[in-house]
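Take the sequences, apply the hints, and build the full model.
Chains A and B supply the protein sequences, listed in that same order. Per our numbering, the very first residue in the first sequence carries number 1; after that it's consecutive. Per our numbering, the very first residue in the second sequence carries number 117; after that it's consecutive.
Check before you lean on any hint, since a few could be wrong.
[Unchecked claim] Calculated pairs, EDC-like style, for lysine to aspartate or glutamate (alpha carbon to alpha carbon, straight line, at most 20 Å): (1) 221(B) <-> 86(A); (2) 117(B) <-> 44(A); (3) 221(B) <-> 121(B); (4) 173(B) <-> 104(A); (5) 221(B) <-> 20(A); (6) 15(A) <-> 109(A); (7) 11(A) <-> 24(A); (8) 78(A) <-> 14(A); (9) 117(B) <-> 56(A); (10) 221(B) <-> 14(A).
[Claimed, not checked] Sample of chain B residues at the chain A side, in silico, Cβ under 8 Å: (11) 158; (12) 159; (13) 160; (14) 162; (15) 165; (16) 166; (17) 217; (18) 219; (19) 220; (20) 221; (21) 222.
Please keep in mind that the hints were generated in silico from the structure rather than gathered at the bench. Cβ coordinates follow ideal geometry from the N, Cα and C atoms, glycine included.
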Amino acid sequence: GAGVSQTPSNKVTEKGKYVELRCDPISGHTALYWYRQSLGQGPEFLIYFQGTGAADDSGLPNDRFFAVRPEGSVSTLKIQRTERGDSAVYLCASSLTFGTNTGELFFGEGSRLTVL
Amino acid sequence: KNQVEQSPQSLIILEGKNCTLQCNYTVSPFSNLRWYKQDTGRGPVSLTIMTFSENTKSNGRYTATLDADTKQSSLHITASQLSDSASYICVVGVNQAGTALIFGKGTTLSVSS
Numbered sequence: 001g002a003g004v005s006q007t008p009s010n011k012v013t014e015k016g017k018y019v020e021l022r023c024d025p026i027s028g029h030t031a032l033y034w035y036r037q038s039l040g041q042g043p044e045f046l047i048y049f050q051g052t053g054a055a056d057d058s059g060l061p062n063d064r065f066f067a068v069r070p071e072g073s074v075s076t077l078k079i080q081r082t083e084r085g086d087s088a089v090y091l092c093a094s095s096l097t098f099g100t101n102t103g104e105l106f107f108g109e110g111s112r113l114t115v116l
Numbered sequence: 117k118n119q120v121e122q123s124p125q126s127l128i129i130l131e132g133k134n135c136t137l138q139c140n141y142t143v144s145p146f147s148n149l150r151w152y153k154q155d156t157g158r159g160p161v162s163l164t165i166m167t168f169s170e171n172t173k174s175n176g177r178y179t180a181t182l183d184a185d186t187k188q189s190s191l192h193i194t195a196s197q198l199s200d201s202a203s204y205i206c207v208v209g210v211n212q213a214g215t216a217l218i219f220g221k222g223t224t225l226s227v228s229s
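Listed below in structure tokens is the structure:
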């Protein structure tokens, strides 16, 4: 597509529920990143994919968070047993290059998650 | 510890005026420095990317500078417009395999008429 697409744009859920957030990167971009941004803060790194594999998942806060990219394009961020502290904007970005982090990142509009 | 500090936290200026945003970093080994503009409710958009050998880069009315010796960068906005109102985020890349990008918290700029 023309840009990085994220769905849903807004998600309101109850504490304890399961949530999936989807990211459709720019066509041909092999690198895909997930970030979490809380109000008034900069984006916080969660996980990074090269193709289908997670090259770096050191930013995932705990085992309730998991992400997949089975075919090397669309990625899904999965959050189990959501907690109020998970409320944030989840940003996805893609890049044509990877490995040296010099490639330009293109961000989606984000998915705003609110856990009640 | 790798850190990126931005100042001021927020700034209000009149339309047409110039302004300069600051970024100090303690990141090693350094790879690159980026400035992003983030409109409210939108994703960040890249303004400039500078590597170690570059000390200035322009993108329209935006000019970024980099002093790798003092580990400082600035973003200068010339002849501000109402549409410049946004958060400006400084991001420093760590020179290692993978995707170590250290984000600052951003400077919120408000341009008023």
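Taking the hints in turn, this is what the structure says about them:
1. At roughly 19 Å between alpha-carbon atoms, residue 221(B) and residue 86(A) fall within 20 Å of each other, so this suggested pair holds.
2. For the proposed pair residue 117(B) and residue 44(A), the alpha carbon gap of about 15 Å is at most 20 Å, so the pair holds.
3. Proposed proximity of residue 221(B) and residue 121(B) is supported: the alpha carbons are some 7 Å apart, at most 20 Å.
4. Restraint check for residue 173(B) and residue 104(A): the C-alpha separation of about 15 Å stays at or below 20 Å, so the hint holds.
5. For the hint pairing residue 221(B) with residue 20(A), the CA-to-CA distance comes to about 26 Å; that exceeds 20 Å, so the pair is violated.
6. Between residue 15(A) and residue 109(A), the direct Cα distance comes to roughly 24 Å. Violation of the 20 Å bound is thereby established for this hinted pair.
7. For the given pair, residue 11(A) sits about 17 Å from residue 24(A) by alpha-carbon distance, which is consistent with the 20 Å threshold.
8. The suggested pairing of residue 78(A) with residue 14(A) holds, with an alpha-carbon distance near 15 Å, which does not exceed 20 Å.
9. Restraint check: the Cα-Cα separation between residue 117(B) and residue 56(A) comes to about 19 Å, which is no more than 20 Å; the hinted pair holds.
10. A distance of roughly 28 Å separates the Cα atoms of residue 221(B) and residue 14(A); the hinted pair therefore is violated under the 20 Å criterion.
11. The beta carbon of residue 158(B) comes within 6 Å of a beta carbon in chain A, closer than 8 Å, and the hint placing it at the interface holds.
12. Given hint, residue 159(B) at the interface with chain A, holds; its Cβ is 3 Å from that chain's nearest Cβ, closer than 8 Å.
13. Nearest Cβ of chain A to the Cβ of residue 160(B): about 5 Å, under the 8 Å cut. The hint holds.
14. Hint status for residue 162(B) relative to chain A: holds, with the closest Cβ pair at about 5 Å, below 8 Å.
15. Using the Cβ-Cβ criterion of 8 Å, the hint placing residue 165(B) at the interface with chain A is satisfied: the shortest such distance is roughly 6 Å.
16. Hint on residue 166(B) is violated. Least Cβ distance to chain A is approximately 10 Å, over the 8 Å limit.
17. For residue 217(B), the interface hint holds, the least distance from its beta-carbon to any beta-carbon of chain A being 6 Å, beneath 8 Å.
18. With a cut of 8 Å, the hint placing residue 219(B) at the interface with chain A holds, because the nearest CB-to-CB distance is about 4 Å.
19. Interface restraint check: residue 220(B) against chain A, minimum CB-CB distance 5 Å, threshold 8 Å, status holds.
20. The restraint placing residue 221(B) at the interface with chain A holds, with a minimum CB-CB distance near 5 Å, inside the 8 Å limit.
21. Annotation: interface hint on residue 222(B) holds; nearest CB of chain A at approximately 6 Å, less than 8 Å.
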